[in-house]
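Starting from the structure of chain W, add chain G where the hints point.
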Amino acid sequence: MMRLLPAVLLGAALVLAGCGERSQQVSYSKGRYAGKADTPAWAGDDFKNDRAVWERAIKARNLRQNEYERTAGRGG
Amino acid sequence: MARMKFICDAERCIECNACVTACKNEHEVPWGVNRRRVVTVNDGLPGEKSMSVACMHCSDAPCMAVCPVDCFYKTEDGVVLHDKDLCIGCGYCFYACPFGAPQFPQTGAFGMRGKMDKCTFCAGGPEENHSEAEFQKYGRNRLAEGKLPLCAEMCSTKALLGGDGDVLADILRERVVVRGKGAEVWGWGTAYGKPEKKAEEPKS
Numbered sequence: 000m001m002r003l004l005p006a007v008l009l010g011a012a013l014v015l016a017g018c019g020e021r022s023q024q025v026s027y028s029k030g031r032y033a034g035k036a037d038t039p040a041w042a043g044d045d046f047k048n049d050r051a052v053w054e055r056a057i058k059a060r061n062l063r064q065n066e067y068e069r070t071a072g073r074g075g
Numbered sequence: 000m001a002r003m004k005f006i007c008d009a010e011r012c013i014e015c016n017a018c019v020t021a022c023k024n025e026h027e028v029p030w031g032v033n034r035r036r037v038v039t040v041n042d043g044l045p046g047e048k049s050m051s052v053a054c055m056h057c058s059d060a061p062c063m064a065v066c067p068v069d070c071f072y073k074t075e076d077g078v079v080l081h082d083k084d085l086c087i088g089c090g091y092c093f094y095a096c097p098f099g100a101p102q103f104p105q106t107g108a109f110g111m112r113g114k115m116d117k118c119t120f121c122a123g124g125p126e127e128n129h130s131e132a133e134f135q136k137y138g139r140n141r142l143a144e145g146k147l148p149l150c151a152e153m154c155s156t157k158a159l160l161g162g163d164g165d166v167l168a169d170i171l172r173e174r175v176v177v178r179g180k181g182a183e184v185w186g187w188g189t190a191y192g193k194p195e196k197k198a199e200e201p202k203s
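Chains as they are written, first to last, in numbering that gives the first Met the number 0: chain W, 0 to 75; chain G, 0 to 203.
Same shape as in the complex, but just chain W (with noise of 0.2 Å):
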């Protein structure tokens, strides 16, 4: 009986093994961007890395868009 004990355990340990439940939720992550890097748009010759000269240029480009500024009624 006591060769039969460690057989009996092994096999016991497998049945309830089989028994154990995981938990089967996906965890996501968040990706992290592999490619190459970008140089911002105010990098280069037409704004010497000056990011504020940059960014006026493109809000006066921005407040153009609006057409009640560029004429003298404010028609409908």
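In short, the hints are calculated from the structure, not lab data.
Each hint should be verified, as a subset may be incorrect.
List of simulated lysine to any residue pairs, SDA-like, C-alpha gap at most 25 Å [unchecked claim]:
1. W:58 <-> G:55
2. W:58 <-> G:11
3. W:35 <-> G:44
4. W:35 <-> G:146
5. W:35 <-> G:11
6. G:146 <-> W:36
A short, non-exhaustive set of chain W residues, derived as facing chain G with CB atoms under 8 Å [claimed, not checked]:
7. 18
8. 32
9. 34
10. 47
11. 51
12. 56
These numbers were taken from a predicted model, which means no experiment stands behind them.
Beta carbons are placed, not taken as given, at the ideal position from N, Cα and C, and that holds for glycine.
Just chain G now, with coordinates in the frame of chain W:
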């Protein structure tokens, strides 16, 4: 810091498709790829509405979330761009995008999908600014020239606006306040300005 966005005013869009044409010409986009297109709802019926649609450069972009090779990135100004050297053309981003913005050139004999192409907000891509490689892969980089996307800047009715979201919201808010809403935006007053004084009532 600006958050670059597009807004299309459906009350103003006249479905001229000039934005689509300008985009294709500016970036020399190949056949079968439309980075921008005009969608019309209730076409041919009174009150039809048109809207110019492209990548909306989402704040929480689903294309970035689903990309299996993580080829998307967002610039400091909120422009969603991707690295074409990394893209495998799987098409997940197309399924995830609610605007149908990702486009795939049909390369090869059996309609094999090429690398994804989409609106770059005229900001080029991960190559040296104004380089030949950047133009070939992503088109022109107008932002690096201090300009806004061509589609918005050349829109004749100023239906399509592009730029910092806060500024665009201010422009649109002022517009809506001036022109009114609902039935008021229809007809002569909208097209040619409101009459200076009300016409006299006919004498009975």
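Against the structure, the hints come out as follows:
{"no.": "1", "hint": "W:58 <-> G:55", "result": "holds, 19 Å"}
{"no.": "2", "hint": "W:58 <-> G:11", "result": "holds, 23 Å"}
{"no.": "3", "hint": "W:35 <-> G:44", "result": "violated, 48 Å"}
{"no.": "4", "hint": "W:35 <-> G:146", "result": "holds, 24 Å"}
{"no.": "5", "hint": "W:35 <-> G:11", "result": "violated, 39 Å"}
{"no.": "6", "hint": "G:146 <-> W:36", "result": "holds, 22 Å"}
{"no.": "7", "hint": "18", "result": "violated, 35 Å"}
{"no.": "8", "hint": "32", "result": "holds, 4 Å"}
{"no.": "9", "hint": "34", "result": "holds, 3 Å"}
{"no.": "10", "hint": "47", "result": "violated, 12 Å"}
{"no.": "11", "hint": "51", "result": "violated, 11 Å"}
{"no.": "12", "hint": "56", "result": "holds, 4 Å"}
Checked against the numbered hints given earlier, this structure breaks hints 3, 5, 7, 10 and 11; the rest are met.
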